[in-house]
Amino acid sequence: MSRGPKVVLAAIVVLAVGAGAAGVVRSSDGAHAEGSKLTKPGAQTATVTRKDLAETQDVSGTLGYGATTDVTIGSGHGTVTGLAPVGTVVDRGSKLGEVDGLPVVLFFGDRPMWRNLDDKATTGPDIEELEANLIALGYGTNATLGPNETWSQATTEAVKRWQAALGRPQTGSVAMGDVVFQPGAVRIAEHSTGAGGGGGLKVTGTARVVSVSLAAKYQTLVKAGQPVRVELPDESTTPGTISSVGTVATAAQQGQDPTVAVVVTLNDQHAGAGLDQAPVTVHITTNEAKAVLAVPVGALLALAEGGYAVEKVTSLGTTSLVGVQAGTFADGWVQVT
Numbered sequence: 001m002s003r004g005p006k007v008v009l010a011a012i013v014v015l016a017v018g019a020g021a022a023g024v025v026r027s028s029d030g031a032h033a034e035g036s037k038l039t040k041p042g043a044q045t046a047t048v049t050r051k052d053l054a055e056t057q058d059v060s061g062t063l064g065y066g067a068t069t070d071v072t073i074g075s076g077h078g079t080v081t082g083l084a085p086v087g088t089v090v091d092r093g094s095k096l097g098e099v100d101g102l103p104v105v106l107f108f109g110d111r112p113m114w115r116n117l118d119d120k121a122t123t124g125p126d127i128e129e130l131e132a133n134l135i136a137l138g139y140g141t142n143a144t145l146g147p148n149e150t151w152s153q154a155t156t157e158a159v160k161r162w163q164a165a166l167g168r169p170q171t172g173s174v175a176m177g178d179v180v181f182q183p184g185a186v187r188i189a190e191h192s193t194g195a196g197g198g199g200g201l202k203v204t205g206t207a208r209v210v211s212v213s214l215a216a217k218y219q220t221l222v223k224a225g226q227p228v229r230v231e232l233p234d235e236s237t238t239p240g241t242i243s244s245v246g247t248v249a250t251a252a253q254q255g256q257d258p259t260v261a262v263v264v265t266l267n268d269q270h271a272g273a274g275l276d277q278a279p280v281t282v283h284i285t286t287n288e289a290k291a292v293l294a295v296p297v298g299a300l301l302a303l304a305e306g307g308y309a310v311e312k313v314t315s316l317g318t319t320s321l322v323g324v325q326a327g328t329f330a331d332g333w334v335q336v337t
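Quick note: the sequence shown uses my numbering, first residue 1, plus one each step.
Calculated from the structure, these hints are not laboratory results.
Where is the CB? At the ideal position from N, CA and C, for every residue including glycine.
Do not rely on the hints blindly, as some may be mistaken.
Claimed, not checked - Have a look at the derived ranges for each label pair, beta carbon to beta carbon: (1) His283 <-> Thr141: 45 to 53 Å; (2) Gln170 <-> Arg92: 14 to 22 Å; (3) Glu231 <-> Ala67: 21 to 29 Å; (4) Thr237 <-> Val297: 20 to 28 Å; (5) Asp276 <-> Gly196: 20 to 28 Å; (6) Gly184 <-> Thr141: 18 to 26 Å; (7) Gln253 <-> Asn116: 47 to 55 Å.
Full structure from sequences and hints, please.
Structural data, given as structure tokens:
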């Protein structure tokens with residue numbers, strides 16, 4: 001006698017892994033049926049489980065530090081006498097290189113330096129940007145500098161204190177090429193030219209990220225802030241978060257889909273330590289079912305008339321098919337209702 005679908009909600013699934021064997025659901029009353037389908041060689045049991053299931057789309061990516069930006073030391077003035085080594089992380093106030101034996105340092109800001117700054121400079125946001133860095137480095141205060149767009153005597157004194165700490169002549173003015181403005185700390189990725197040359201550097205951000213060229217047709221599956229899993233070359237996985245999704249599709253080679261750029265930031269910045277660059281796989285969740293009843297895929301029986309069923313055995317030893325609807329498939333399991 002069939003008890004209906006409720007029996008399936010707390011059952012043991014018998015998986016048939018031998019040739020020609022069938023998947024069977026055994027009733028939760030604990031009885032051991034002796035039907036031929038249960039006694040076939042190779043049958044294994046697995047409990048029907050309430051669990052989370054997630055379907056994923058796997059895409060290839062490259063672990064590294066993201067896109068590079070070109071930086072020039074000295075702005076063409078003087079001779080480049082040194083460059084920070086490749087791999088160096090340069091923070092605010094630290095040295096990117098040297099020109100004529102004097103340090104060229106990194107300041108934070110979005111506006112590149114385009115003029116000399118001194119007490120003759122007209123008001124402008126570049127003065128405020130300079131003062132903000134002097135305050136952050138401890139050479140001035142908000143009370144004395146603002147910061148604001150106007151050069152003052154306090155600005156001159158703060159610049160002199162900064163120059164003294166660097167071992168530069170204490171002129172009280174900042175010439176083009178004395179500092180380089182970037183939005184944040186950088187990592188030296190490459191020397192475009194060496195010392196004595198043009199002072200060219202390629203820099204990246206400091207966060208370890210995965211760059212993905214995602215087929216444009218999958219763009220709707222991802223969004224900034226979405227969690228993902230990143231599989232490293234040693235087959236371990238580490239969590240990541242999508243930090244940006246491109247909106248411009250790039251033409252691909254003939255026969256391939258156009259792509260958009262997706263950047264994933266590793267939650268654990270120490271994951272994959274020792275690898276400056278490496279191929280990885282990003283597992284993107286495309287469909288998720290929370291706390292659903294699931295059985296191993298091998299327990300599903302395809303019906304001749306279409307659809308699926310599982311076979312249950314009652315305490316009396318009789319068997320019957322219970323129709324089920326298959327939902328999310330993931331990792332060898334399937335949601336059943």
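Going down the list of hints, with the structure as the test:
Restraint check, His283 to Thr141: a C-beta distance of roughly 49 Å satisfies the suggested window 45 to 53 Å. The supplied range of 14 to 22 Å is met by Gln170 and Arg92, whose beta-carbon atoms lie about 21 Å from each other. Between Glu231 and Ala67 the C-beta distance comes to about 22 Å, which sits within the given range of 21 to 29 Å. Evaluation of the 20 to 28 Å hint for Thr237 and Val297 yields a pass: the beta carbon distance comes to about 22 Å.
Under the hint 20 to 28 Å, the C-beta atoms of Asp276 and Gly196, about 26 Å apart, fit the expected range. One distance hint, 18 to 26 Å for the beta-carbon pair Gly184 and Thr141, holds here, with the actual separation near 23 Å. Checked against the hint of 47 to 55 Å, the pair Gln253 and Asn116 passes, with Cβ atoms roughly 48 Å apart.
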